[in-house]
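Trainee: Sequence:
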Amino acid sequence: MKKLFLPLSILALATALVQAGTPDQAVMEKGKKIYMAYCFTCHQPTGLGIPGAFPPLAKSDYLTKNDKATVIKSVVLGLQGEIVVNGAKYNSVMTPLPPNYSSADAAAVLTYVYNSWGNPGGVVTEAEVEAVKKAGK
4 MKKLFLPLSI
14 LALATALVQA
24 GTPDQAVMEK
34 GKKIYMAYCF
44 TCHQPTGLGI
54 PGAFPPLAKS
64 DYLTKNDKAT
74 VIKSVVLGLQ
84 GEIVVNGAKY
94 NSVMTPLPPN
104 YSSADAAAVL
114 TYVYNSWGNP
124 GGVVTEAEVE
134 AVKKAGK
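Everything in the sequence shown is counted per the numbering used here, starting at 4 for the first residue and increasing by one.
None of these hints come from the bench; they were simulated from the model.
The beta-carbon is built from N, C-alpha and C at its ideal position, and this holds for glycine as well.
Mixed in with the good hints there might be a few duds.
To be verified - Pairs of lysine-lysine residues, derived as DSS-like cross-links and limited to a Cα-Cα distance of at most 25 angstroms, are as follows:
hint, residue 1, residue 2
1, Lys-68, Lys-137
2, Lys-92, Lys-36
3, Lys-92, Lys-62
4, Lys-62, Lys-137
5, Lys-33, Lys-71
6, Lys-137, Lys-71
7, Lys-33, Lys-62
8, Lys-71, Lys-35
9, Lys-62, Lys-36
10, Lys-33, Lys-76
As the list claims (entries may be wrong) - Have a look at the derived ranges for each label pair, beta carbon to beta carbon:
hint, residue 1, residue 2, range
11, Lys-92, Glu-32, 29 to 39 angstroms
12, Glu-129, Gly-55, 31 to 41 angstroms
13, Met-39, Pro-102, 16 to 26 angstroms
14, Asn-103, Ala-130, 19 to 29 angstroms
15, Thr-25, Glu-85, 26 to 36 angstroms
16, Lys-36, Thr-98, 16 to 26 angstroms
17, Gly-124, Thr-49, 10 to 20 angstroms
Input sequences plus hints: build the corresponding full structure.
Mentor: Here it is in structure tokens:
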């Protein structure tokens, strides 16, 4: 009985971490690669954005004040109009992630952002991205 307890405990802990939104390292690496290929120009490698032009993603209250679907929508469908991030107003256009990026790619880059630069963490799934795309069309 004791021999089963440790492996089952480890399995239970691993399952709980995944369900709680602990990102897979491969997803984080893929997300960072996509971020550095497409997003960093405006939001900068540090996630600090460009004051007055492009909002920060680092310690961003946009990620905590909005539900996940809203954040996903801004990435996959784009965003324009005034928003307030960390107390500062921004009124520019965010182009959507280009169509050559898949829903899995969008999920990876969003997961990377949610887990970088002091953000709250969490996982965005391909299914969540697909649902937003379907609802947005």
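Trainee: Each hint should be assessed against the structure and marked as holding or not.
Mentor: Tested hints:
no., hint, verdict
1, Lys-68 with Lys-137, "23 angstroms, holds"
2, Lys-92 with Lys-36, "28 angstroms, violated"
3, Lys-92 with Lys-62, "16 angstroms, holds"
4, Lys-62 with Lys-137, "29 angstroms, violated"
5, Lys-33 with Lys-71, "20 angstroms, holds"
6, Lys-137 with Lys-71, "15 angstroms, holds"
7, Lys-33 with Lys-62, "21 angstroms, holds"
8, Lys-71 with Lys-35, "19 angstroms, holds"
9, Lys-62 with Lys-36, "20 angstroms, holds"
10, Lys-33 with Lys-76, "20 angstroms, holds"
11, Lys-92 with Glu-32: 29 to 39 angstroms, "34 angstroms, holds"
12, Glu-129 with Gly-55: 31 to 41 angstroms, "34 angstroms, holds"
13, Met-39 with Pro-102: 16 to 26 angstroms, "20 angstroms, holds"
14, Asn-103 with Ala-130: 19 to 29 angstroms, "20 angstroms, holds"
15, Thr-25 with Glu-85: 26 to 36 angstroms, "34 angstroms, holds"
16, Lys-36 with Thr-98: 16 to 26 angstroms, "19 angstroms, holds"
17, Gly-124 with Thr-49: 10 to 20 angstroms, "18 angstroms, holds"
The structure shown violates the earlier hints numbered 2, 4.
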